[in-house]
Structure formats: C-alpha cells, structure tokens
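All chains should be modelled from the sequences, with the hints used to inform the complete structure.
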Amino acid sequence: MRNFLKALFVLALCVFSFSCSQASKQENVVVIYVSADRPFSEPVLQAFEKKAGIVVKAVYDTEETKSTGLANRLLAEKDNPQADVFWSGESVRTLILKKNGVLTAYKSPSAEPIAPTFKDPQGYWTGFSARCRVILYNTNLVKKAEAPKSIYDLTDSKWKGKITISDPRFGTMSFHATALFTALGDDKAIEFFRKLKQNDVKVSPSNSDVRRLVENGEVALGLTDTDDANTAIVSGKPVALVYPDEQGMGTPFMPNMVSLIAGGPNPENGKKLIDFLVSPEAEEMLAKSEAVQIPLHPSVPLRANVPKISDLKPLQVDYATVASRLEEVIKILQPILNL
Amino acid sequence: MHSPRWIFVVTGILFLGITALPVCLMFVESFRTADGFSLANYASLLTSSRQRELLSNSLVLALATASLATLFGAPLGFFLAKLSLPSRHLWRTTLMIPLLIPPYILGIAWIFAGDLLAKGLTRWTFSLPGAVAILSLSCLPIPMLVAEAALSGVPARLEEAAWLAAGWRRTLVSITLPLVLPSLVAGFLLVFILALAEFSVPSLLRVRVFATEVYTQFAAFFDFGSATAATMPLLLLVLVLSICVRLLVGEKWITTRRSPAASPLLLSGGWTVAGMALFSVMILGSVLPLFCLVMKMSPVETLIRSAWGTRESIAASLMLSASVALLSVAMGLLLGYWRARTQARLKALADVLWILLFTLPGTVLGIGLVRLWNRPLTNALYGTWAMLLLGLLARFVPIAALLLAAGVRQMPASLEEAALVHGSSWWRAFIGILVPSMKRSLLAVGLLVFILAFGELAITILLIPAGTSTLPLQIFTTITNSPDEVMATLCLLQVLVILITLFAVGMSVGKSRAQLSKLPA
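In order, the protein sequence lines correspond to chains A and B. Take the first sequence: its letter number 65 is residue 65 in this note's numbering, and every next letter is one higher. Take the second sequence: its letter number 220 is residue 1220 in this note's numbering, and every next letter is one higher.
Source of the hints: derived by calculation from the structure; they are not laboratory data. Please note that a few of the clues may not be correct.
[What the hints assert, rightly or not] Covered stretches of chain A, as calculated for chain B (at least 3 residues, CB under 8 Å): (1) 37-46; (2) 70-80; (3) 167-177; (4) 184-190; (5) 324-330.
Since the structure is predicted, the reported quantities are computational estimates derived from the model, not experimental observations. Built from N, CA and C at the ideal position, the CB exists for glycine as well.
Okay, here's the thing in structure tokens:
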C-alpha cells in the first residue's frame, strides 16, 4: 500500500510538471473550438493540418450539449482569448458571441461564391455546409403516400401521441422554433406549438433521441436534422425523411458557421483555417461524410439522393433576428410545452 | 490537539483559493446587471409557481434516491465488511459497476432493456419512479463503499461482548450503528446532492426538475449571472437538509478506543447466506444494464479498434483521475482532520461550506475558475493540464473532506495523544498511526473520487487544454450523432477501462495485505 501511494504521488508530480511545461512550447499552431459533431469535423481539421502544415489544437463539444458548451467558454475567456477560430454547427451561438464582442470580422476570399444569405454582411461569420430541419418517419408505421409534407401535418389528430420533437430550449430545435416565430409571427407559431401539445407530442432531450424513437417505432414521426436522419438511413433503419414545406413556407436551413475570435493568439493561422473550412474542398468532405451536409458552393459535387441547395426552398429568416428572439421564444414555449 | 496549526492554515487557504474564490466571483457577478447592483436575477426564483413545482419534483427525486440508495447500499457495505469473503475486492468492484456507468448512459441502457425484455418496462422507465430507480441504482455503490469502510473500522471486541449478551439486533442498533452513523449520513448527503443536481437522467426520462433551470440559463441564454442565481434554491434545499441532519444526528456518536491492529467482527452461517442472496440480487441489477449495452454493441473488433484509437485519451483520463484522487484524499484528510479535532466554533460552518460547494454545478465553478485564472499573468498555468487538475480538485476536495471528517471522527484521539506523550511528533503520529488506521476509508474515498473525476464533463469541457481530450469527453462528442451500436460500444469501453483499473488496484492492495499478514509479529 505504501509503495502504491508513493507511486501515485510521483505520478501526480509528473503530471503537474508535464502539464506546466506544455505551455511554454512554441509551435506553428491554430486553436479552434468546435461545437459541431466530432466524427464529421475532426477529419476536416486533420486534412487542413496535413495540407497547411499548421498544428490544429481543437477542443470539441456538440451543439446538442446539455453542459455549458464552448460558447460559454469563449464568453468567459473574452478578456484573454485562448482560441483563434470558432466552428459552430448552428447559428444561435455564433450570433450571441458576436453580440457580446467575442468575434472579429474576417471575409474569406474562399467564401466568394457562397450566397450572401449565408454570410454576415460585416464578416463576423461565414456559413458553409448546411443541414436542414426535416421530418423523419418510420417506414413500417407510415406509408410513403401518407408521409407528412409539412410541419403542420404533425398536428393532425391521426398522429396523436406518435410524434416527437427535441427540446426547443437547446440545439437546432431552438433555432427551428425561433425561426418559426420570426417567419410566421407569434400568433401562428404559438397556435402551432399549442396544437402539437394537444396532439401529445413527446419532447425528447436531443435530436439523436428523436432519431432513436422514430427508428425504434416508438413514434411514427419526428422533427430532426439531416445528419441525424442520414445516420439512421445509412445504418439501414426503417426510416425515411421529408424536406417539409417545400410548397409552402420553406425548409429551415442551418449552415455551419465559422468565425475569427477577437484577440486570438494566432490570427493569421486562424484566417488560413477559415479559408480552408469555407472552401469547396472542405464542403466536399462534409458532403461525402455520414452527415451528408449540403454544400453552399455550387461547384461541389453531391451524393445521390442529396438535393442541391438550389433545388430546395429555404425558410426565409434573418439569422441575427432569430438569435435575438431566442430567449423570448423559450419563455413563451416553456408553459405551452410544459418544459 | 497538539498539531502544528500552520499546516491547516496553509491547506485552508489553498482550499479557499481553489474552490471558494472562483465561486464568490460568480455570486458577486450574479448581483450585477447593466444597471449596477440588483436582485433582478433572484427576483422570480422562489415566487414563480412553475419553479416551485420543479423544486418540489427535485426534492422528491433526491430524497427518494438517497433513501433507496442508502437502504440497499448500507446492507451491502455491511456484508462486504462483515463476511469472510475470498477476493473481497472482486465482489466490491462488481457491485460498483453502476457507479462506473455515466447516469445518462445507465438511463439509455435501461431503455434498451425495455426494448429487449418488455415494452411495459420502457413505459415505466419514463416516469419519476423510473428516474428514482435508475439514479438509486447508479448511486447505490456510494453508501455501500462508505458503510464498508466505516464498518471495517469497528473492532471486533466491541461487538462480540454485546452480541453474546444482548443479541445481534440490539448490538447493531446500540453499538454498530452509532459508530458508523456519521459516515452513513455523509454518504446519504452525497447521494442527495448528486441526485438533486442531476439533469441528464431526468431530462432523458422526461421528468421535469429544477436542475434544468441552471442548464437553461447557461446553455440557452448564456447568462452567467442568472445561471449562478438559479443555483440558489438548490443550495437552500441542501442547507436545510444539512441542518436537519445535524440536529438529528449531531456529534453525539463518535469514537472508540480502537487499536489499529484490531480486526472487525466477521460473521458466518446464516449471515453468509443472507449476504450472498443480497449480493446476487444487486449484481443482477448492476450487470443487467451492462448486459444490455453488450447486446447492443458492435462486434468486438470495433471495441478493440476504439480502444486503440482512444489510447491517448484513456492514458490522459487515468493519469488525471489518479492525480485528482490522490491529491483530493491528501487535502481532504487534512481538512477533515481539522474538522474532526478542532474545538473552534467554525467547524460546523466547514461542513456547510463543503456541502454547498459540492452542490454547485460544475459549470458555475468552471466558469468562475476561467474568470479567475485566465489572465496574462497566469498564462503559464491556464490552458495546461494543471489548470484542469485544479478545477477537478476544486470539484472533489469538498466531498473528500466531508467523508474523511466522518472517518476521522471514528478514530479515537487518545491514540495520537498516547504517541505524543511518548515523545512522537504530531506529524509522525499522523502518518504512522492515523493514516494506517484509516486506510480503508482513504481507499474508499480515493476510489470514489477517481470514478467521479474520470466521468466528469462540465468542468473538463471548460478547462481542457486545446488539442487534448479525456476519454469521456471524446466519447461524449462522438456518440451524439452515432448509431446505438456505436454508443453502446464506446460506453462499454469507458466502463471496462475503469473496471480493469479498479481490479488492478484491488489486487495490488490485496497482495500488500497478504504480504503484511505473513510478516512476523
């Protein structure tokens, strides 16, 4: 026992010494905080590392996180930034950081062909590789002919107790809910969510839980993201997806967003990383991954069964306006959905 | 007490600097708004009917979980301490399996169990009783470990005489229970706090609890002031419970004239049968979720490939958790010793402070640490593993101190005093008499901190150096968008890493004891 304790003590000293020594090493590095799923983002960063010869030091999180998330870390580090770049899987976090003065403007030349809708006019963020909000349905429970075509179909009484959405306080559902309030107006949006509640909607903790419930047949329909939906499809689960409201208000688009951190330690390397992330090369990698993210560069080739951005009708919203209304919308929805 | 005061002053200052200072920073900020000093962040907390309902759900969940976990965990600890078991560490480690599985994954495993066994089970899982059952199973090893450590310290001669004269019931109630009550109460409080602050399991099972409010403020509104203020009802609940416990239990039941060489009373016969029956039921409950993960997992080759692919994270997690456990036990023992031995009136405040600090969500502590340490002057420290080590110490030293204070209270001061009278220094008496006497408690607390530190995420995400990862963080950021098979495989990997480590530690400790027992008297 004594030898064991001695060994542990020496180990602790080694860890402490090693950890302090790491801080003093100088390298050609760039530090990125990534709030996008690691299986998809890590290979892209590794490709940049190989191509540019710059060491990428990443901290990962997910946009579904129920912990603080890296956005909070960036806010807390604002007075002495440690990161150079922030990659977010959705828009709300990025815009909150912009509002709090964490970001600085950088317009990447690689993003020139990307439509202005997906870029901040002042250059505080650039969108790339979008996902959509989709309706995922279980093909054993729902025939293709009766598959819903609009989110309003989820309020149909024939689906009572057989629908699910993820918690609208977090992740991409928070964007989706706020976007509906912005696009439809408060009255119509409130009516929609009230009808969902009357239809016994199950509120799941996350999009992956929505996927699980649908693929297991516990519910027939669910609102989720394209990458969650495609994970289930690629795994051979009995599911299919619908891009909702293509004939109506449009499908919510959620581009990844990348931003330069104000006062970051390696700004030039940060710019090079952003140039790579918003390039056709990175978008092609994300399009070919299991996330099947939709490229915003028109020139990037697509996988089969993945629509082009130009073939889809996006829900018309201003991302900054959506982000600014988030808190207000959450407070409206809490009593309606009994959150 | 003839101890050198300076050592406790230095430890106390270090502890307050690491833990209390960043928390104070966060609470000061919670009283600040754009208009200056304000109570706006606190205004609606206790007046809103919705939040009162959430608070009441949380209280029921936490009390029921702590009660059930102690009701089943304490007897398990009793049998682990009292039965003459071959390979005791194997039994102990197997019974600890639920603690090794992150609660969220345990919840998913039980949902998988519903898929495999009966749909009715799944429906029941999504309820407050379901959440209580899952959290109780998850936390049950805590009172078990604490009870075993405390009962192992009760010398046989105290119970033998009473057993012969008054029977086992009276002995347990009048002799054994008072001796171990402080430790059991500390274990109960720990489970209460863990259940009260737990968010992921109630969220998964669609049970509305107050912990959600804190996370909503951080993860949805990014409002540090409101998030810190939102912890206040949780802290008040824990404070009220602590005061009730103190009024009921107090400091009445304390110590023995225990000799460090004395062994505990061992039982046999019908007790062995009863013990084995309880072990079997609990092992079934422990192993079932593991079994469900195994049934869902990908082929074994995937597990091996995942282990190889995450080897750096595994090594980092093991080194970090071992360091946190060792340093938490060292610091916790000094603080606990002061608490148990001091006559100062501040000692009751120490219990309250430790409990409240541990109740605080890791997020509040983590952001406070970032705010305090992320400065140009401390750049050499911030952004390194040392910073994460400090953060985890801040998180777990309070609970180590609380549990070890209870352990020290079981040890008679007369042993150290006798050594001092015979010319020994205080330090020599501390290391040579107290520490060996408390080795089971130290090991139990060390293992507990190791397991909790290994699975910790909230502080890790905030303080981990860029370009590195721990195993739970790597798994967490990988499983969110992965099929169930991948999730099950990675979770099993985490459980196996800790299990193998615990088996290795158990065997090492067992071998040391065997060698010691062979030494001539």
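Quick rundown of the hints versus the structure:
no.: 1; hint: 37-46; in the structure: holds (count 4)
no.: 2; hint: 70-80; in the structure: holds (count 9)
no.: 3; hint: 167-177; in the structure: holds (count 4)
no.: 4; hint: 184-190; in the structure: violated (count 0)
no.: 5; hint: 324-330; in the structure: holds (count 3)
Taken one by one, the earlier hints fail for this structure only at number 4.
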